[in-house]
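Chains as they are written, first to last, in this note's numbering: chain A, 1 to 92; chain B, 1001 to 1393.
Hints listed in this document are in silico derivations from the structure and should not be mistaken for laboratory results. Don't be surprised by glycine CBs; every beta carbon is placed ideally from N, CA and C. Wrong hints could be hidden among the right ones.
Beta-carbon label-pair distances, calculated as ranges [stated by the list, open to error]:
id	chain 1	residue 1	chain 2	residue 2	range
1	A	19	B	1149	25 to 31 angstroms
2	B	1136	A	12	40 to 46 angstroms
3	A	25	B	1136	45 to 51 angstroms
4	A	23	B	1218	56 to 62 angstroms
5	B	1129	A	25	32 to 38 angstroms
6	A	62	B	1218	38 to 44 angstroms
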Amino acid sequence: MATVRIPPVLRPKTGGSPEVEASGGNVGEVLRALTDAHPETSPQLFDAEGELNRYVNVYLNDEDVRVLDGLGTAVKDGDTVVILPAMAGGAC
Amino acid sequence: MATGAGTEQTQVIEEIEPFEAAAEIEGGDAVLIDTREPHEYQEAHLEGGKLVPPAMLADQIESVAPDKAARTILYCRSGNRSGKAAAQMQAMGYTNVASVGGGIMLWQEQGLPVVSASGMTAEQRERYSRHTLLPEVGVDGQLRLLNAKVLLLGAGGLGAPTALYLAAAGVGTIGLVDDDVVDASNLQRQVIHNTERIGMPKTTSARIFIEQLNPDVNVIEHNGRLDASNILEVMSDYDIVVDGADNFPTRYLLNDASVRLRKPVVSASILGFDGQVSTFMPYEGPCYRCLYPTPPPAELAPSCSENGVLGVMAGTMGTLQANEVIKLVLGKGSPLIGRLLLYEALGTSFTELKVRRDPNCPICGDDAPEIPESEMGQFPDYELFCAGAGGDR
């Protein structure tokens, strides 16, 4: 099982939880397990072709999966997958 | 004004008391000349005093003080050499020269400030003593801070705590960009504003706060928005930019301009109980576009005014930004270059992520086109680029 860190904007779609446990052999499978459990997260993460949306960054532990093997990056038990969208809030 | 006769000169030399000289210097219209030797000058001198040793006077004075009708105040150690120099200058045609009676010795006895060997006034040595005690700061580091010019983009949630600590730290020039006025709903987190100043431009309210906290800081108000037409000009006067903007178009514009100007940006954002902070050092580390190639759609990027934000979160992230700025100025420690620090306040947890330069980045990547001088100020249409993106009010 991996831990998926849910960004604040997606928490309403995961029952409010900042972290969700999900299993899978690679990052894509872990994220699919997340969207299966919480279908409302799916359009936020994946485009129509099933690719990660460009505005969503995904990290395995502290490394961007774009510099690893993308969605095919292998995930071990105890790994953390971080979903990170850009935030603009500052002066507001 | 006390007028005394020079004892050894046939001419009458105007001699003024240190406090009179101080008032004139404060007024800003007088040329101030130090008529001692270089080693004395280095030990301590009056702020703004220009060194012209007695032996160099005939050769140098006309270039240092070209206007012979201008008010010119001379001082030395005790008033003797400056009196002689004043007589010499009068003979050269200077018509409004005065000598400080008692010189810098009496000046200091009367508690007036000097720039000492350390380059700081006695007041500054006291004010920054807890900094200068630190080997990582020291007198040199404090002088760097006093000479630093930092632009704060936003005088709100993030800008307020950043401004507070940078001003207290003695950052010599703080520019503030904001087009908003203080609103009652700001005061839960924007700690440099207050109830009395509701309705006042945030830049003005911030200036009032900073000037009361630390008179060493020169505050420059940019009461407006940064856009493609003014960003290069505004940024060119500063060493470091602190990004606390509240919208994506400004964040991308700032990124693209900072890469062109090769100026570091300390960037943070906040929402709810979550914050992010990183330092973007052009070409040394990734830029904002390497991290976020495209802005998210509106539903993934609510603003604080829609979503809410914990007030102290803004303080935590803003002070982390101030910490980054101070390290960059000092050249000490490890800034958050290539690292994104996430903070989640409910769990009190920090997470650090690696951010790498994107070789395909359209702005700082390997194939990004060189921008000729004539196109430096031309930027993409960010409103269009970010259309549908959130965070914009």
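Comparing the hints with the structure gives:
no. : hint                                 : in the structure
1   : A:19 with B:1149: 25 to 31 angstroms : 42 angstroms, violated
2   : B:1136 with A:12: 40 to 46 angstroms : 44 angstroms, holds
3   : A:25 with B:1136: 45 to 51 angstroms : 47 angstroms, holds
4   : A:23 with B:1218: 56 to 62 angstroms : 58 angstroms, holds
5   : B:1129 with A:25: 32 to 38 angstroms : 59 angstroms, violated
6   : A:62 with B:1218: 38 to 44 angstroms : 40 angstroms, holds
Hint check: violations occur at hints 1, 5; the rest are consistent with the structure.
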